[in-house]
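Chemist: All chains should be modelled from the sequences, with the hints used to inform the complete structure.
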Amino acid sequence: MKYALRGITAEELSYSMNRIKMDKDAKFEIKPQFSRTVRRVNENDKVWFLSLEVKVESTEEAPKPFNLKARLVGVFEAEDIADEMDRRDLVINMTEIVYPYLRAAVSSLTANAFINPMMLPVIPAGTMFPEDRGEVPAEDSLQN
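For the sequence shown, my numbering gives the first residue as 16, with consecutive numbering after it.
Don't take each hint at face value.
[What the hints assert, rightly or not] Here are the simulated BS3-like pairs of lysine-lysine, each with C-alpha atoms no more than 25 Å apart in a straight line:
1) K46 <-> K84
2) K39 <-> K79
3) K61 <-> K84
4) K17 <-> K46
[Stated by the list, open to error] For each label pair, taking beta carbons as the anchor points, the in silico distance ranges come out as:
5) Y116 <-> Q48: 10 to 20 Å
6) E150 <-> I35: 18 to 28 Å
7) F49 <-> G22: 32 to 42 Å
If you're looking for bench data, these hints aren't it; they were derived computationally from the structure.
Only a predicted model underlies this, so the values are computations on that prediction, with no experimental measurement involved.
Backbone N, C-alpha and C fix where the C-beta goes; we use that ideal spot for every residue, glycine too.
Modeler: Okay, structure coming up:
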């Protein structure tokens, strides 16, 4: 299997402050939610797109001081994907390549909003999503 990153694009970056009443010593538990989509181009099966998204959303049950959404898309060229195991490895590797850019975008977005920068955790390759860890059968998120 061979693959190469051909480009990364910020498809969506948004931040909005929530005016919520809070105690002086209040602490918020901010749990970012991650999602990923993988697509291939019908006309050229060597081109792969990996969309990686993180969201922080305030709800009544779990208020947050802000809402945030960042979605980056990596464009890859890959060949010699022989079987499902190669596909799984490729998706993990593409995720590992795009994730540091997503971390940087979130940190920059929050710093530019004049709040303490939000630093997403460093996540080892292959552990970010349950299907990568083999815990849950992978849903078919591959779209042609």
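Chemist: Assess, step by step, whether the Cα of K39 is no farther than 25 Å from the Cα of K79, and give holds or violated.
Modeler: Cα-Cα ~15 Å, so holds.
Chemist: Is 32 to 42 Å a correct range for the gap between the Cβ atoms of F49 and G22?
Modeler: At roughly 21 Å between Cβ atoms, G22 and F49 fall outside 32 to 42 Å, so the hint is violated.
Chemist: So if I understand the rule, the pair passes when the alpha-carbon distance is 25 Å or less; does K17 with K46 pass?
Modeler: Not satisfied, since the Cα-Cα distance of roughly 35 Å exceeds 25 Å.
Chemist: Given the range 10 to 20 Å, decide if the beta-carbon distance of Y116 to Q48 lies inside it.
Modeler: For Q48 against Y116, whose Cβ atoms are near 18 Å apart, the range 10 to 20 Å holds.
Chemist: Take a look at whether the Cβ-Cβ distance between E150 and I35 falls inside 18 to 28 Å.
Modeler: 35 Å, violated
Chemist: K46 and K84 were given as a pair; does the straight-line alpha-carbon distance stay at or below 25 Å?
Modeler: Holds, at about 13 Å.
Chemist: Would you check the hint for K61 and K84, treating anything up to 25 Å between C-alpha atoms as holding?
Modeler: 29 Å, violated
Hint compliance for this structure: hints 3, 4, 6 and 7 are not met, and every other hint is.
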